[in-house]
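Go ahead and model the full structure; you've got the sequences and the hints to work with.
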Amino acid sequence: MNNRTRGFRRFAAALPLAAMTVLLSGCMDKFAVLDPKGVVGKQQLDLIVITTLLCAVIIVPVLIMTFVIAWRYRHRPDSKAEYRPNWAHSPKLEIIWWTIPIVIIAILATVTVRYTYKLEPSRPLAADAKPIVIQVTSLDWKWLFQYPEQNIATVNYVAFPENVPVQFELTSDAPMNSFWIPQLGGQIYTMSGMAMKLHLMADEPGTYMGSGANFSGKDFAKMRFDARAMTRAEFDQWVQNVRAAAPPLTQAGYDELAEPGTMPEQDYSSFPEGLFERTVTKYIKGGSGHGHHHGGSDADAAGSDTGAMTEMHHH
Amino acid sequence: MLDKIKDFASEFFVTGDPLIYGADVAIALTIIAVVSVLTYFKKWRWLWREWLTTVDHKRIGIMYVIASLLMLFRGGVDALLMRTQLAIPNNEFLSPEHYNAIFTTHGVIMILFMAMPLMFGLFNLVVPLQLGARDVAFPFLNALSFWLFFWGAMLFNMSFVIGGSPDAGWLSYPPLSELSHSPGVGQDFYIWGIQISGIGSLATGINFIVTILKMRAPGMKLMKMPMFCWSVLSSCLTIIMAFPILTVTLALLFLDRYLGAHFFTLDGGGNPMMYINLIWMWGHPEVYIVVLPAFGIFSEIVATFSRKRLFGYGSMVFALMCIAVLSFTTWAHHFFTMGSGADVNAFFALTTMLIAIPTGVKVFNWLFTMYRGRITFKTPMLWTMGFIPCFVVGGMTGVMLSVAPADFQFHNSYFLIAHFHQVLIGGVAFGYFAGLYYWWPKVFGFKLNERLGRWAFWLWNIGFYVCFMPQYALGLMGMTRRVNTYGWDTGWWELNFVSTIGGFLMGIGFLFQVWQILHSIKFMERDTTGDPWGGRTLEWSIPSPAPHYNFATTPVVNSADAWWEEKLRREREAASAGKREWLEAQDWRANAELTPQAPNLDATRPSQDPGAGATQASMSDAPPAPQAPLPGLPLEPIHMPRNSGIPFVMSLCWFTAGFGFVFDWLWIAIPGLAGVAACMLVHSFRYKTDYYIPVDEIRRTEAAAGRVV
Chain A
49 MNNRTRGFRR FAAALPLAAM TVLLSGCMDK FAVLDPKGVV GKQQLDLIVI
99 TTLLCAVIIV PVLIMTFVIA WRYRHRPDSK AEYRPNWAHS PKLEIIWWTI
149 PIVIIAILAT VTVRYTYKLE PSRPLAADAK PIVIQVTSLD WKWLFQYPEQ
199 NIATVNYVAF PENVPVQFEL TSDAPMNSFW IPQLGGQIYT MSGMAMKLHL
249 MADEPGTYMG SGANFSGKDF AKMRFDARAM TRAEFDQWVQ NVRAAAPPLT
299 QAGYDELAEP GTMPEQDYSS FPEGLFERTV TKYIKGGSGH GHHHGGSDAD
349 AAGSDTGAMT EMHHH
Chain B
8 MLDKIKDFAS EFFVTGDPLI YGADVAIALT IIAVVSVLTY FKKWRWLWRE
58 WLTTVDHKRI GIMYVIASLL MLFRGGVDAL LMRTQLAIPN NEFLSPEHYN
108 AIFTTHGVIM ILFMAMPLMF GLFNLVVPLQ LGARDVAFPF LNALSFWLFF
158 WGAMLFNMSF VIGGSPDAGW LSYPPLSELS HSPGVGQDFY IWGIQISGIG
208 SLATGINFIV TILKMRAPGM KLMKMPMFCW SVLSSCLTII MAFPILTVTL
258 ALLFLDRYLG AHFFTLDGGG NPMMYINLIW MWGHPEVYIV VLPAFGIFSE
308 IVATFSRKRL FGYGSMVFAL MCIAVLSFTT WAHHFFTMGS GADVNAFFAL
358 TTMLIAIPTG VKVFNWLFTM YRGRITFKTP MLWTMGFIPC FVVGGMTGVM
408 LSVAPADFQF HNSYFLIAHF HQVLIGGVAF GYFAGLYYWW PKVFGFKLNE
458 RLGRWAFWLW NIGFYVCFMP QYALGLMGMT RRVNTYGWDT GWWELNFVST
508 IGGFLMGIGF LFQVWQILHS IKFMERDTTG DPWGGRTLEW SIPSPAPHYN
558 FATTPVVNSA DAWWEEKLRR EREAASAGKR EWLEAQDWRA NAELTPQAPN
608 LDATRPSQDP GAGATQASMS DAPPAPQAPL PGLPLEPIHM PRNSGIPFVM
658 SLCWFTAGFG FVFDWLWIAI PGLAGVAACM LVHSFRYKTD YYIPVDEIRR
708 TEAAAGRVV
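Heads up: the sequence lines are chains A and B, in that order.
FYI, the numbering for the first sequence is 49 to 363, going by my numbering.
FYI, the numbering for the second sequence is 8 to 716, going by my numbering.
Warning: the hint list may mix true and false statements.
[Claimed, not checked] Below are the PhoX-like pairs computed for lysine-lysine, each with C-alpha atoms no more than 25 Å apart in a straight line:
{"#": "1", "chain 1": "B", "residue 1": "695", "chain 2": "B", "residue 2": "221"}
{"#": "2", "chain 1": "A", "residue 1": "78", "chain 2": "A", "residue 2": "270"}
{"#": "3", "chain 1": "B", "residue 1": "49", "chain 2": "B", "residue 2": "231"}
{"#": "4", "chain 1": "A", "residue 1": "140", "chain 2": "B", "residue 2": "369"}
{"#": "5", "chain 1": "A", "residue 1": "140", "chain 2": "B", "residue 2": "50"}
{"#": "6", "chain 1": "B", "residue 1": "369", "chain 2": "B", "residue 2": "529"}
[Stated by the list, open to error] Computed Cβ-Cβ distance ranges for the label pairs, DEER-style:
{"#": "7", "chain 1": "A", "residue 1": "310", "chain 2": "B", "residue 2": "674", "range": "39 to 47 Å"}
{"#": "8", "chain 1": "B", "residue 1": "528", "chain 2": "A", "residue 2": "143", "range": "33 to 41 Å"}
{"#": "9", "chain 1": "B", "residue 1": "91", "chain 2": "A", "residue 2": "310", "range": "22 to 30 Å"}
{"#": "10", "chain 1": "B", "residue 1": "565", "chain 2": "A", "residue 2": "144", "range": "28 to 36 Å"}
{"#": "11", "chain 1": "B", "residue 1": "515", "chain 2": "A", "residue 2": "109", "range": "30 to 38 Å"}
{"#": "12", "chain 1": "A", "residue 1": "100", "chain 2": "B", "residue 2": "17", "range": "29 to 37 Å"}
{"#": "13", "chain 1": "B", "residue 1": "526", "chain 2": "A", "residue 2": "255", "range": "51 to 59 Å"}
{"#": "14", "chain 1": "B", "residue 1": "87", "chain 2": "A", "residue 2": "255", "range": "30 to 38 Å"}
FYI, nobody ran anything at the bench for these hints, they're computed from the structure.
In this text, a Cβ means the ideal position worked out from N, Cα and C, and glycines have one as well.
Encoded structure:
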């Protein structure tokens with residue numbers, strides 16, 4: 049098969065990709081990761097862009113070289129390209145192509161390490177406003193949100209004020225899951241028997257998609273939730289409404305929630321005291337009430353802590 | 008009584024799904040067809056003697072390849088079922104339970120029952136021939152490895168019609184995979200199928216390390232060995248270090264499920280995170296186990312089809328070994344988001360990035376092998392050209408994922424799925440396809456049809472991009488993996504639909520490959536030269552298919568690319584003796600498309616020029632097809648291993664034991680284990696293990712293939 053046909057078919061392969069890029073550019077606002085609305089997500093996007101550019105420094109020349117070399121040195125009877133069948137060693141070239149990747153990776157590594165500490169999920173966010181604590185429990189197959197400071201609870205949607213750091217404390221009363229609001233920032237696993245910490249903050253009011261991101265069984269796909277950022281005033285009003293109108297969450301009600309099944313959004317005007325802490329320490333023998341607290345090395349300096357955590361293990 | 012039988016049957020067989028009933032019927036019909044054909048043609052003895060008891064690495068290799076292609080079919084059907092379900096929002100084509108079982112089996116089958124056996128098949132078909140050896144170091148163990156794989160895979164595969172498939176993902180994380188959340192037998196089928204097959208993998212790793220270190224032809228120093236053999240060595244070293252981790256981890260999960268232990272449970276002091284660490288300490292090296300031999304295949308193909316020495320041999324060996332070692336230091340990048348903290352995440356981000364360096368170096372070396380070469384784009388080279396851009400981009404997204412804080416936005420999304428499919432399909436699948444096409448004529452004696460091969464390649468290549476490029480975008484849109492459906496409000500459906508089209512394009516590509524094989528069996532010309540591509544390494548110096556003893560006389564080599572150097576030497580000899588007529592009269596029945604075997608036109612080595620009387624033109628048109636083997640050790644009776652039925656029977660006993668443990672029927676399991684022990688005992692007392700092929704039989708076999716010894 050001659051190279052013209054190959055070249056044409058290469059182009060034909062690239063065409064649908066280019067077409068998609070153009071046609072789908074109108075949907076840019078659907079690209080949650082590329083359109084962050086929170087400080088964490090924004091920093092993560094910066095990092096993604098830096099990484100892509102650094103990689104492109106190597107990738108683009110490699111792709112060009114591949115095509116050019118294949119084209120130039122394809123065998124034709126009248127080819128004028130040089131043919132050196134025994135040329136198989138060049139210390140100079142080896143030095144170049146070991147060094148350039150090492151340099152790029154070294155730069156990327158430095159950036160990565162810096163951001164790894166900066167964006168450690170358990171690290172509190174710098175902000176003027178006082179953080180709000182929201183306790184998250186992943187269940188089969190729904191999300192329970194408890195607001196200890198407001199003493200209300202919601203299922204399958206979470207609400208918080210804009211420009212206020214949200215300190216999520218997360219656990220699971222079901223197989224391991226992962227809590228993800230892509231437009232605000234990265235995810236964190238939710239696991240039974242321990243409480244994770246994740247800090248996010250929304251820049252502006254809006255409803256952001258949230259989902260479970262670690263497979264946990266039959267109706268895992270239904271573990272979607274809305275994350276609603278509101279103005280302070282709206283948030284306070286919303287809390288009042290829930291306290292006034294919603295039914296309370298009893299222990300029996302929680303046990304029912306923990307049964308496998310799905311449900312629509314739900315509000316609760318109160319929840320049993322210490323429910324979250326009991327869920328976290330459920331598997332500790334003897335019930336002495338201390339649980340495992342997982343987080344980063346600089347988790348605690350300014351972070352608030354819910355009452356029952358008396359012992360903390362650092363990793 | 009009837010009720011009890013009905014109850015039992017409804018538990019034992021998978022019920023309630025029309026697709027499964029259809030599969031039941033297809034399986035039953037196939038079994039009946041196979042049994043009928045064998046009986047009608049009276050081939051049972053033949054099957055037993057020639058295939059079920061063989062210890063010949065060439066036959067074992069063929070069986071591995073056939074099994075893996077059948078598994079590619081099943082894994083591919085799984086994929087297309089999933090893509091059909093995901094093509095439109097709120098689709099009800101597959102129930103959630105069914106979807107979850109399908110993505111689980113898709114993953115297990117593609118990695119453990121398609122890629123691994125295809126790789127082992129190529130090891131078996133090629134390595135002994137490239138080394139100038141007569142067989143692998145441990146032929147009996149080789150057969151055992153295959154049958155353990157076969158029966159382990161059979162145990163896993165039957166789960167979708169009997170008992171129920173596993174449905175906790177291809178790596179079965181606890182607590183989802185513990186009894187508390189997976190009470191059915193599917194998870195046990197998973198454990199036993201993989202465990203039994205894994206013993207075979209470990210044994211193959213040992214076998215090929217010893218073969219490569221101890222059975223090379225005289226004069227073939229390690230640094231003169233073909234690059235494919237180096238890649239096999241690095242892969243096998245990784246296998247023997249990694250597979251014990253898998254064995255132990257699955258055993259611990261089995262103890263949890265079967266004996267109520269608490270290694271990974273939520274209660275009793277168990278810790279699921281331990282399982283995740285352990286399984287990925289195996290899982291990450293595993294993907295390098297499958298990709299390293301693919302790299303080796305590309306090295307062979309690029310050199311052959313550029314008619315040029317592989318660039319940077321030493322660097323390539325170093326890179327292979329770096330990758331193998333580094334692969335053990337990166338496992339936590341599969342769970343950056345599990346909360347290990349910044350110290351741990353930073354470390355593993357660094358080690359993961361490091362692997363990109365030797366991999367990138369290899370790409371440069373391949374490109375510079377092609378540079379100043381003379382490239383022909385036969386099917387094996389097409390797959391290689393498809394691999395390079397695909398794998399390089401896949402590697403780039405891998406580096407993006409390795410940046411731990413960014414990974415919190417990529418983890419478990421379609422971005423991740425697109426990345427690993429890109430490197431697994433673009434690297435591993437394309438590589439093994441290329442290898443199959445390249446060595447097919449050596450194994451079967453005829454090339455596969457080029458035109459159909461080109462259709463298959465382009466369908467796969469274009470289909471791949473159409474299927475997986477949209478998935479990167481879907482990941483950035485927040486679509487997580489393993490969701491069985493999604494709503495209209497997500498805005499994901501257009502890209503999902505396009506992705507499904509791409510999946511079906513690849514499926515059609517696979518159908519073209521099947522057609523190509525069938526067509527070529529019937530119509531392609533038989534190759535009598537043994538060297539249809541103008542190869543460089545020893546396997547091309549013997550007839551195709553290779554005689555059962557491989558080499559009539561053990562070749563003695565003194566350089567890398569020994570066969571290429573030998574051909575050049577013969578050309579020079581013939582030219583300097585003025586034997587132009589001899590050269591032109593060579594019985595050259597090669598494929599007319601084949602480009603001439605260019606003699607050494609390297610201007611820096613004038614002593615390689617053909618002697619007086621031979622013009623450049625006639626030298627480049629005279630394809631040498633020497634019908635004599637490489638000079639080597641004297642002809643003498645060849646020592647060969649005898650066949651044995653023990654590998655087949657012992658593996659069947661393991662299958663029986665596994666089946667018994669899955670259903671907790673000790674009255675089946677214990678006899679199964681007893682059978683395994685009995686087989687080992689019988690084997691210990693087996694003294695007639697070998698025989699000799701007499702010299703005149705060697706001469707006759709060689710003569711029949713047109714060779715002179």
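Inset, instruction - Compare the structure with the hints numbered earlier in the document and write down the numbers of the violated ones, lowest to highest. - result: When the structure is compared with the hints, numbers 3, 5, 6, 8 and 12 turn out to be violated.
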